[in-house]
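**Student:** Single-letter residue listing:
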Amino acid sequence: MRDEDDQISKLLRLKRYEQPRPGYFEDFLKEFQNRQRAELLKRPLWRVMLDRVSAFREQLTASQLSYGAASVAVLMIATVFTVDMLRAPLEPGGPALAAVSPSGGFGPTPFSGTSGAMHSSFNRLASAPVSQSVLSLEEPGLQEPQLSLRPRVDSASLHQPRYILDSRPASYDAPFDF
Amino acid sequence: MRLPVTGCLIQRLLRCATGATLLLALGFAAVLPGSASGQGTAGEPEALSREVQQIYERSRNSVARIEAQDANGALVGTGFFIDPSGTLVTSYSVGGESFNIVASFGESKYPARRLVADARSGIAILQLEKAAAATPFLPLGSSAELKVASPVVMVAYPLDLPLAPHFGMIAGFDGKYLDRYFVTTHIRADVPVKRGQGGAPLLNMKGEAVGVVISGVDEGAACYALPIEAVNKLHQDYIRFGEPSPGRLGLRVQPAGVASGAGSTAEVRQVDEGGPADEAGIRVGDVIEQIGTHPIRTPEDLLNACFYLTAGESLEMTVGRHGETITARLKAAERERPRKVPAKASRGLFDITLRPEAPSP
Chain R
1 MRDEDDQISK
11 LLRLKRYEQP
21 RPGYFEDFLK
31 EFQNRQRAEL
41 LKRPLWRVML
51 DRVSAFREQL
61 TASQLSYGAA
71 SVAVLMIATV
81 FTVDMLRAPL
91 EPGGPALAAV
101 SPSGGFGPTP
111 FSGTSGAMHS
121 SFNRLASAPV
131 SQSVLSLEEP
141 GLQEPQLSLR
151 PRVDSASLHQ
161 PRYILDSRPA
171 SYDAPFDF
Chain P
1 MRLPVTGCLI
11 QRLLRCATGA
21 TLLLALGFAA
31 VLPGSASGQG
41 TAGEPEALSR
51 EVQQIYERSR
61 NSVARIEAQD
71 ANGALVGTGF
81 FIDPSGTLVT
91 SYSVGGESFN
101 IVASFGESKY
111 PARRLVADAR
121 SGIAILQLEK
131 AAAATPFLPL
141 GSSAELKVAS
151 PVVMVAYPLD
161 LPLAPHFGMI
171 AGFDGKYLDR
181 YFVTTHIRAD
191 VPVKRGQGGA
201 PLLNMKGEAV
211 GVVISGVDEG
221 AACYALPIEA
231 VNKLHQDYIR
241 FGEPSPGRLG
251 LRVQPAGVAS
261 GAGSTAEVRQ
271 VDEGGPADEA
281 GIRVGDVIEQ
291 IGTHPIRTPE
301 DLLNACFYLT
311 AGESLEMTVG
321 RHGETITARL
331 KAAERERPRK
341 VPAKASRGLF
351 DITLRPEAPS
361 P
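Chains as they are written, first to last, in this note's numbering: chain R, 1 to 178; chain P, 1 to 361.
Hint data in this document are derived by calculation from the structure and do not stem from the laboratory.
Since no wrong hints were added, every one of them can be taken at face value.
Below are the DMTMM-like pairs computed for lysine to aspartate or glutamate, each with C-alpha atoms no more than 25 Å apart in a straight line: (1) P:K176 x R:D177; (2) P:K331 x R:D177; (3) P:K176 x P:E219; (4) P:K176 x R:D173.
Required output: the full structure, derived from the provided sequences and hints.
**Tutor:** So this is what it looks like as structure tokens:
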């Protein structure tokens, strides 16, 4: 046992300075992948797909499946809502909210004239007179800079004009600086 | 015998005639005021309607629909001419940051360029680029002559509808709304407003412009208008300096616990070193009693007194100090103007725009 250890030690000392040529490991990896690809190409595509699907199915658990199903459902609902809102006709005579302040305006809203509970609530907000501070984080007493939360502006509504009426005159928190 | 009988008969007849006359007079007295008031209630609305129609007819060609574009798309508002050279006044939200501005009035449609955009007061002044002839314009009145319950007319374009008159009355004059102070006193008019009417003229019953409609109040049941004097000040600044030139005194005030001898509570809290007030010898603790021709009673009174200051303008200021009244002469310095607000809004589910801090008025 002792002799073996000594021999191994000697061998390691001898091999200590031996290194593979530069790029050996990179080439090795490439070569390995090339061979693997070549091996795969020899098999029919349907066979490769089948192998992959079966391997994937083996890894799947019930919880993962439920997460996936829920995600797909949410995505589908979101898509349906988005498409519905984009296609909805704008309210006649009131297609847009006006400016909320002298420095910026409410953008046009695509929510007017749609149906459904969420849409009707958006309708109320969107078609309300602009003096009503809906969809706005502007509150009296807020120090500027202020946040103005505006309805989304999309490319379809860019063609609809916004009819301007400010929600309040230009106003200030600290007026006593003269 | 006949004579007394005849005399008695005549006396009776006279008495009857007198009684009948009295009864008739009483009847007329009772009936006529009622009928007169009845005629009045039926006639006054018609007279008022005729008056509003006349104002509308006189002013309709001087009011323009302003169409423009900004980073968020097309926008529409109202404006009005204040001189024959095609100078238009509208709200800042309509013409302050927009481009491709087009003014339509009567049958005419002209491109317009921006002369003044003043976010501080909320208005923009535009000018037609190629007006063929002198434009019709509204005479400017005086908002100081207005009182609570004075009748006013607004002529404006609601939404995409044709030009229309709106009748109402002055409800008040406010220096602040929901705890936020205006740059100067605004006219609150009980005139219903709709979208698209930002920048419309508020007219008195002589058909003179007394204000510019800036915003709605209480869901559009009423509106706030900037007094026409403020518009005139900015226009004059543009004519003299090419831009608004607001002045400042270089001091801050606070409400004093005890009023001065003149009844003012506008106590100087801080004086900017090297500023006009400092150079004029105004000290912390002085109570401002008058600025120029404006008597001061509360700190809010300085809003009006200082809004109309122009940089470089000399004025007298009266302060109370330890029971004495001191008059100082000072020259208003230039006030830093509000930074231009970026017009382009971010895109997303909601647009969130961060506005830079507006300088104090």
